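Visitor: Residue numbers (this note's numbering), protein chains in the order written: chain A, 246 to 467; chain B, 246 to 467.
Wrong hints could be hidden among the right ones.
Note: identical chains are not told apart, hence a pair may lie in one copy or across any two.
What the hints assert, rightly or not - In silico SDA-like pairs for lysine to any residue, Cα to Cα no more than 25 Å straight-line:
#  : residue 1 : residue 2
1  : Lys346    : Arg248
2  : Lys278    : Ala403
3  : Lys278    : Leu430
4  : Lys433    : Asp302
5  : Lys278    : Val299
6  : Lys268    : Asp427
7  : Lys346    : Ala305
8  : Lys362    : Leu274
9  : Lys433    : Pro291
10 : Lys268    : Ser454
11 : Lys346    : Pro321
12 : Lys362    : Pro460
13 : Lys268    : Met364
14 : Lys362    : Asp302
15 : Lys346    : Arg287
16 : Lys346    : Val360
17 : Lys346    : Ile375
It should be emphasised that the hints constitute simulated quantities derived from the structure, not laboratory data. Quick caveat: nothing in here was measured; it's all calculated off a predicted structure.
2 protein chains.
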Amino acid sequence: MARLYHLPLSPFCRKVRLILAEKRIEAALIEEKPWERRADFRRLSPSGQVPALVERDGTAICDSVAIVEYLEETRPDPPLLPTHAVERAEARRVAQWFDVKFHTEVTTHLLHERVYKRMRGEGYPDSNIIRVGAANLRAHLNYISWLAANRRWLAGEAMSIADFAAAAHLSVLDYTGDVPWDQALAAKDWYARIKSRPAFRDILADRTSGLPPAPHYDDLDF
Amino acid sequence: MARLYHLPLSPFCRKVRLILAEKRIEAALIEEKPWERRADFRRLSPSGQVPALVERDGTAICDSVAIVEYLEETRPDPPLLPTHAVERAEARRVAQWFDVKFHTEVTTHLLHERVYKRMRGEGYPDSNIIRVGAANLRAHLNYISWLAANRRWLAGEAMSIADFAAAAHLSVLDYTGDVPWDQALAAKDWYARIKSRPAFRDILADRTSGLPPAPHYDDLDF
Numbered sequence: 246m247a248r249l250y251h252l253p254l255s256p257f258c259r260k261v262r263l264i265l266a267e268k269r270i271e272a273a274l275i276e277e278k279p280w281e282r283r284a285d286f287r288r289l290s291p292s293g294q295v296p297a298l299v300e301r302d303g304t305a306i307c308d309s310v311a312i313v314e315y316l317e318e319t320r321p322d323p324p325l326l327p328t329h330a331v332e333r334a335e336a337r338r339v340a341q342w343f344d345v346k347f348h349t350e351v352t353t354h355l356l357h358e359r360v361y362k363r364m365r366g367e368g369y370p371d372s373n374i375i376r377v378g379a380a381n382l383r384a385h386l387n388y389i390s391w392l393a394a395n396r397r398w399l400a401g402e403a404m405s406i407a408d409f410a411a412a413a414h415l416s417v418l419d420y421t422g423d424v425p426w427d428q429a430l431a432a433k434d435w436y437a438r439i440k441s442r443p444a445f446r447d448i449l450a451d452r453t454s455g456l457p458p459a460p461h462y463d464d465l466d467f
Numbered sequence: 246m247a248r249l250y251h252l253p254l255s256p257f258c259r260k261v262r263l264i265l266a267e268k269r270i271e272a273a274l275i276e277e278k279p280w281e282r283r284a285d286f287r288r289l290s291p292s293g294q295v296p297a298l299v300e301r302d303g304t305a306i307c308d309s310v311a312i313v314e315y316l317e318e319t320r321p322d323p324p325l326l327p328t329h330a331v332e333r334a335e336a337r338r339v340a341q342w343f344d345v346k347f348h349t350e351v352t353t354h355l356l357h358e359r360v361y362k363r364m365r366g367e368g369y370p371d372s373n374i375i376r377v378g379a380a381n382l383r384a385h386l387n388y389i390s391w392l393a394a395n396r397r398w399l400a401g402e403a404m405s406i407a408d409f410a411a412a413a414h415l416s417v418l419d420y421t422g423d424v425p426w427d428q429a430l431a432a433k434d435w436y437a438r439i440k441s442r443p444a445f446r447d448i449l450a451d452r453t454s455g456l457p458p459a460p461h462y463d464d465l466d467f
């Protein structure tokens with residue numbers, strides 16, 4: 246069986262977990278805390294970052310963007326990129342929007358303050374940083390609502406890597422109870438659709454010790 | 246002719262320009278300052294960011310990762326990704342290393358302090374931030390030297406998107422004279438090889454007003 250070195254609340258790891266599950270690829274999950282800088286893990290992942298996917302033959306594939314493309318090339322069924330090059334570019338653009346722009350403007354602020362500071366013993370959350378992340382999140386939810394109101398899925402007619410990238414980030418912020426869903430109903434409707442897929446079950450069962458999820462986290466009718 | 250909306254000293258724009266040139270695709274360059282938030286440009290690029298590639302028929306492709314994959318799919322000659330999935334993953338991993346890790350740890354520090362602050366009238370460079378960027382750059386140069394000493398190109402036997410991503414970032418820092426090449430000779434040898442390619446000519450002719458390049462910037466025997 247393949248192995249995935251991951252952190253439960255990392256959006257990049259969750260994106261890969263969701264895509265593995267959607268493609269029905271079994272992988273053993275191994276929790277890895279990158280800040281512990283384990284030498285054995287550095288031999289697998291040159292950057293020291295998660296996720297890292299290790300195939301049965303020991304081949305390691307690192308970096309979530311590279312892993313997603315690799316899975317699409319080696320396990321194309323079901324496809325999570327469209328057929329036409331322009332539509333594929335749109336799926337990748339929206340995925341990158343979440344992995345880069347949303348991550349920089351929202352996830353890092355909220356996740357670092359609420360989760361990683363606690364895990365690493367770095368003190369209390371800074372409420373100013375949380376306020377900035379929350380304000381940026383509202384702007385991004387409006388963009389998701391706009392996409393979801395104009396398209397069946399975030400990047401077009403078919404579900405794609407864009408939906409899983411977006412859902413991965415939002416699922417982490419939903420764990421901490423930071424998503425004001427009722428202010429973005431089209432976004433909420435899209436998230437309810439992807440949250441109810443079998444591929445999401447594992448993510449909804451995640452529990453981080455000392456940090457219980459928001460009450461609606463695993464509720465499909467949130 | 247296609248059009249590329251870009252900023253001359255943006256590493257993400259330079260990566261796309263280098264790959265366009267390597268694939269001998271002509272594109273008119275249009276300088277776009279994202280911080281001016283032009284409404285016409287926002288209609289092309291939803292994130293408001295450069296680069297944005299506009300095809301002759303008006304189709305806009307945004308985000309540098311999406312553009313690079315799109316060019317590889319629509320103009321595969323010469324290929325800048327290997328054939329085998331594991332090798333393709335390695336090329337993407339190394340490209341992402343530069344676009345994410347190197348960018349966060351090095352380029353943003355040095356480029357923001359030395360270039361963008363001046364362009365946007367935000368005051369003088371902060372020497373502490375420049376020191377952090379310079380220290381991180383030395384660590385990354387060691388990694389490039391290690392890759393370059395163990396492989397013909399950064400991601401394997403063939404030149405790939407990894408080399409152009411890395412060269413794009415380094416070329417910007419070479420413009421500002423921030424790269425201590427003599428401390429990383431294998432990296433210097435690799436950079437000399439890619440710098441002497443015809444695809445690099447355009448980049449070496451870039452001049453930003455009020456900010457002349459380091460004297461060796463366009464010298465192929467630096």
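Visitor: All hints, please: hold or fail.
Guide: Hints and how they fare:
1. Lys346 to Arg248: between (29 Å within a copy, 24 Å between copies)
2. Lys278 to Ala403: neither (35 Å within a copy, 34 Å between copies)
3. Lys278 to Leu430: Result: close neither inside a copy nor across copies, 35 Å intra and 34 Å inter.
4. Lys433 to Asp302: neither (41 Å within a copy, 35 Å between copies)
5. Lys278 to Val299: within (17 Å within a copy, 42 Å between copies)
6. Lys268 to Asp427: Close neither inside one copy (31 Å) nor across copies (48 Å); limit 25 Å.
7. Lys346 to Ala305: between (27 Å within a copy, 19 Å between copies)
8. Lys362 to Leu274: The answer is within: 23 Å in one copy meets 25 Å, while 44 Å across copies does not.
9. Lys433 to Pro291: Between copies, since 21 Å is at most 25 Å while 38 Å is not.
10. Lys268 to Ser454: Close neither inside one copy (29 Å) nor across copies (51 Å); limit 25 Å.
11. Lys346 to Pro321: Neither. Shortest intra-copy (27 Å) and inter-copy (29 Å) distances fail the 25 Å Cα cut-off.
12. Lys362 to Pro460: This pair counts as within: shortest intra-copy Cα distance 22 Å, inter-copy 45 Å.
13. Lys268 to Met364: Neither: 32 Å inside a chain and 47 Å across chains, both beyond 25 Å.
14. Lys362 to Asp302: neither (36 Å within a copy, 49 Å between copies)
15. Lys346 to Arg287: Cα proximity of Lys346 and Arg287: across copies only (15 Å, versus 27 Å in one copy).
16. Lys346 to Val360: Classified as both; 20 Å inside a copy, 21 Å across copies.
17. Lys346 to Ile375: both (17 Å within a copy, 24 Å between copies)
Of the numbered hints stated above, those contradicted by the structure are hints 2, 3, 4, 6, 10, 11, 13, 14, listed in ascending order.
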